[in-house]
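**Student:** Below are the chains, spelled out letter by letter.
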Amino acid sequence: MTKPVCIIGGGVAGMQVALVLSSLAVPSVLIERSPTLGGRVTRLSKTFPFFNDDGFNDGKEFTDSLERDVRAASLVSVRCGTTVTALHGDFPNFTVELADGSHIPAGAVVVATGFTAFDPTSLPEYGYGVYPNVITATELEWMLNPRGPTGGKLVRPSDGRPAERLAIVFCVGSRNKRIGAPFCSRICCSYSTKQASTVMERNPKALVACFYMDVRTYDRGFEEMYSLAQERGVRYIRGRVSMCRQLPDNSISVRAENTLLNRPFSGEFDLVSLSTGMRPCEDVNHLATTLGITRGPDGFFLCREWFRHPHDATRDGIFLAGCATGMKPIRNCMIDGAAVAARVTALLREANA
Amino acid sequence: MNSDIKRSEQMFPAALLAKRSEELKDISDNELVQAYESMRDEEGAAGAAFPNIKRLYGTALEREKDRREIRGQAEHCDGETQKWYEEARNAPCTWWLENHLVAKRALKSCIGCGICTARCPAAHYFPEYNPRTIVDAALAKNEDRLVELLKSDILWYCGQCASCKPKCSRENNLMGLISSLRFLAQLKGYHLCSVRGRQQYAMRHLCGGNLWNRACTLYFRNVDAEHHPDFGPRYARYHAEVDDQMVRLGASPDRPGPFGGRKLPPQTIAEFRACLAAGGTLVLWNQLEQWAAEDAIKKGLSIEEYHDRVSREG
Amino acid sequence: MAIAFNALPEVIKEIPENDFFLTPSCILGAVNPGTEILIGRIYDLLGLRWRAAGDRAESQCTCCTGFSSHGDLISIESTLLVAARLWSVAVELGFENIATACVTSFAIHSECLELLKHEPGLEARVDRWLQQACGRRLHIPKHVVHGSDIVWRYRDALAQKLRYRLVDHKTGRPLRVVDHVGCHYAKVFPEKSIGGAESCAVLTGPILAWGGETVDYPERRHCCGMGFRQCAMRPNRGYTMACVLKKLESMQPWEPDLILTNCPGCNLFLDKEQWAIREITGTEYNIPTLSYSELAGLLLGWDPYDVVGIQCHTVPIEPFLDKIGIPYDKSKEWITNQSKEALREVR
Chain G
11 MTKPVCIIGG GVAGMQVALV LSSLAVPSVL IERSPTLGGR VTRLSKTFPF FNDDGFNDGK
71 EFTDSLERDV RAASLVSVRC GTTVTALHGD FPNFTVELAD GSHIPAGAVV VATGFTAFDP
131 TSLPEYGYGV YPNVITATEL EWMLNPRGPT GGKLVRPSDG RPAERLAIVF CVGSRNKRIG
191 APFCSRICCS YSTKQASTVM ERNPKALVAC FYMDVRTYDR GFEEMYSLAQ ERGVRYIRGR
251 VSMCRQLPDN SISVRAENTL LNRPFSGEFD LVSLSTGMRP CEDVNHLATT LGITRGPDGF
311 FLCREWFRHP HDATRDGIFL AGCATGMKPI RNCMIDGAAV AARVTALLRE ANA
Chain H
804 MNSDIKRSEQ MFPAALLAKR SEELKDISDN ELVQAYESMR DEEGAAGAAF PNIKRLYGTA
864 LEREKDRREI RGQAEHCDGE TQKWYEEARN APCTWWLENH LVAKRALKSC IGCGICTARC
924 PAAHYFPEYN PRTIVDAALA KNEDRLVELL KSDILWYCGQ CASCKPKCSR ENNLMGLISS
984 LRFLAQLKGY HLCSVRGRQQ YAMRHLCGGN LWNRACTLYF RNVDAEHHPD FGPRYARYHA
1044 EVDDQMVRLG ASPDRPGPFG GRKLPPQTIA EFRACLAAGG TLVLWNQLEQ WAAEDAIKKG
1104 LSIEEYHDRV SREG
Chain R
638 MAIAFNALPE VIKEIPENDF FLTPSCILGA VNPGTEILIG RIYDLLGLRW RAAGDRAESQ
698 CTCCTGFSSH GDLISIESTL LVAARLWSVA VELGFENIAT ACVTSFAIHS ECLELLKHEP
758 GLEARVDRWL QQACGRRLHI PKHVVHGSDI VWRYRDALAQ KLRYRLVDHK TGRPLRVVDH
818 VGCHYAKVFP EKSIGGAESC AVLTGPILAW GGETVDYPER RHCCGMGFRQ CAMRPNRGYT
878 MACVLKKLES MQPWEPDLIL TNCPGCNLFL DKEQWAIREI TGTEYNIPTL SYSELAGLLL
938 GWDPYDVVGI QCHTVPIEPF LDKIGIPYDK SKEWITNQSK EALREVR
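Residue numbers (the working numbering), protein chains in the order written: chain G, 11 to 363; chain H, 804 to 1117; chain R, 638 to 984.
No wet-lab data here; the hints were simulated from the structure. The C-beta atom is built at its ideal place from N, Cα and C for all residues, glycine as well. All clues given are correct.
According to the in silico footprint, chain G covers these stretches of chain H (three or more CB under 8 Å from chain G):
hint, region
1, 914-924
2, 933-941
3, 971-978
Please take these sequences and the hints and turn them into a complete structure.
**Tutor:** Listed below in structure tokens is the structure:
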């Protein structure tokens, strides 16, 4: 009996790895730190509009459908509420030790631990954590979700009144050498545009302004989404926001330069959403040490060969899927998952031959 | 011998103080300096102010004496920094950007995010001012654009507050770049092409004069009601009795002692001046004098009239 | 009302506890002389060792050239040498710590330190130039701090000694104090300030320790507009006035009782331009402005006119004293209507 593949992380990438391995008749153990599967996609209000519509109304419908299939797959064993504390042995004979004391023999390990959103509390110029009407994109997403705290309505946290004027600040925590994060988080322009477009779609009278340096809606269908957002009335102002200040009525004054007009800009908004960039998952240090794999200069796990083996970690038998190598769209996490499953299967067959 | 005594009698106090700089030109450098210093160091009653300092500051005598002294000190200084600035004066602006101690480390790269301009108080106040365009000109390394910048008023709007510095995504030092370019503009005489640039001649004598003679950028008598009517009548009242108020508070107006207004011993002033000279500053000051003299002639003004005009223009 | 950024900052720089060479300020010395003398008095009260000048005739303390340097008149090398000379004077007195009365000095000394650290060979060159110029050697000081850093550090100790607190003595209401931190303290090298550029705590610390309340308003971090050449030349001074007006307009809805500063320029212009602003716009803001040392002196019960020097201010400070319940003898304000004998007694 082949030893199972141990997948660390029960988000969409991890679940996809498990499902594709299962379709290739390879068993797996899916280990998830939190009590439930699904990861970050669960709280998304809407996935990006694409050319074919999978028919999911929100993130939870999507993750639920994945989870149903995972639970139905006999070759997949799910362990929630636990973490990996040690890794013994070598490829293809690992033993994974879990926090609950159990030891799992594994032929290979897949790291699908995702990312953490940057915490903007450390950038006091935006007032996050001090001014109630400054929130993060994650919080905005949850607010826009009909399952969320306001039933999908945009409100000002300070007084609960409807928020008609929304500012979305791009590049919070990314593309900033000064704070040691020179990289681009790649997906924020796109998710921000999606959020802005959603707000305008629901309330054509709203004022939504996106403050950008570049609009990197790079993937298939994303530029079209950007175009649609603008047609719906989303304003795009080119200038990095320098600070947010609270006014006497708790509205927020947003300061930037409109670099296309060469003039400083100042506008008042009911709500400001900080499109935060990515950081590696919270326990990335511990994982890197425990598993014996290296990280790149941006903190995310490094692959062994950039082009030929982009999913191999720097140690034999350990593989990387999903946002563990950097934030990417859901679809790319799914593609990653499938690619890793194929790679692991091939290597395991070769090792056991 | 007799004529010498007669000469020194002629030179002593009030006569010289009232003279304009062209009237002082027949007096030799040494005589002028000695006359100034003897007046400056004449003591009053014990513990009281040195009485002549307040008569000497800001006068044509002081300015003319400064001109001579600074020329002399620069001539005798063969420091390597002085030479560096003398040569830099003739090199292209692009050379300066790569070699000046401040300029060469001021800019790395710019994504044009505009966060500097968003915070800049001057950008909010002056409609035509945009600090981001200064970065662009410097990074373009285009000599013509740089010269145009150095000749414009735009270079002089920055208030050196550093609001831009903590925010720059690429860790640039825009304030330092502007400061460095301003130095270059003056060396090359480009500052003469803008109203605000020409003001530097007045700055040279106001701040520079205070530094040279009192080793302190501001002299308490400079900030009087006449030059600062915006401070209102209460301040005018205070300044009318400023000597007594300063003594009361523990300062040392025009006398040896600690804190505000203190008269420093000549030995300290000498060390201070030596530091200025060794650092190459006198190259700038001499250059400013030269440019001002030329510009004054072009405009048909005496140097004192020119000095007066540039401090009021705009 | 948001009480923003009042938590103890995560990164607190190392502030030495004693032994300071105090460098005086050009602007304070010229227009607000009591302010910097008070710094020395506060250090004396705390039992700290400090000096502001060397003993030899050639070792007196000069300007750091900061104002002139930002007025584009001084080369960076001259500034390095002048700073190095001051450090050498400090060493003569056995001090390793520089405390500056002025924030521009603080940034100048810090900039010199950074350049010397990062530019290859510069230390040796400056040492050589200094020797050639005036026979001194380069000694890098251990610490460079600003006067307000030390008051921040000892704010609780001072709180114990205060006779009065930042409280309306009739109603018990904590006074609302706007903290205006000098740009050159917090923005040039944010990592060398307490709390950084955006959430600077150097003034909010004492405000809270001494019983007051802080105010967060939109233009809180806006420069006062002093601008060096902008305030020095009359034609340019509109910029300074406009910046002061912008701040006053922005803070007015919170009805602050006081503006607290740690920078000589800010202390000067936020106070003195209020008269011109009234004349030009018709609005009288009447918000008293004090430096941290003046405020400490008043709360400690030192004489408002003889020691603190509130008469130097354009916006009268007396109403603020009334709020706190600090007594004063208004007849002592000006000297010319007093006999000289009375003045000598008082000192």
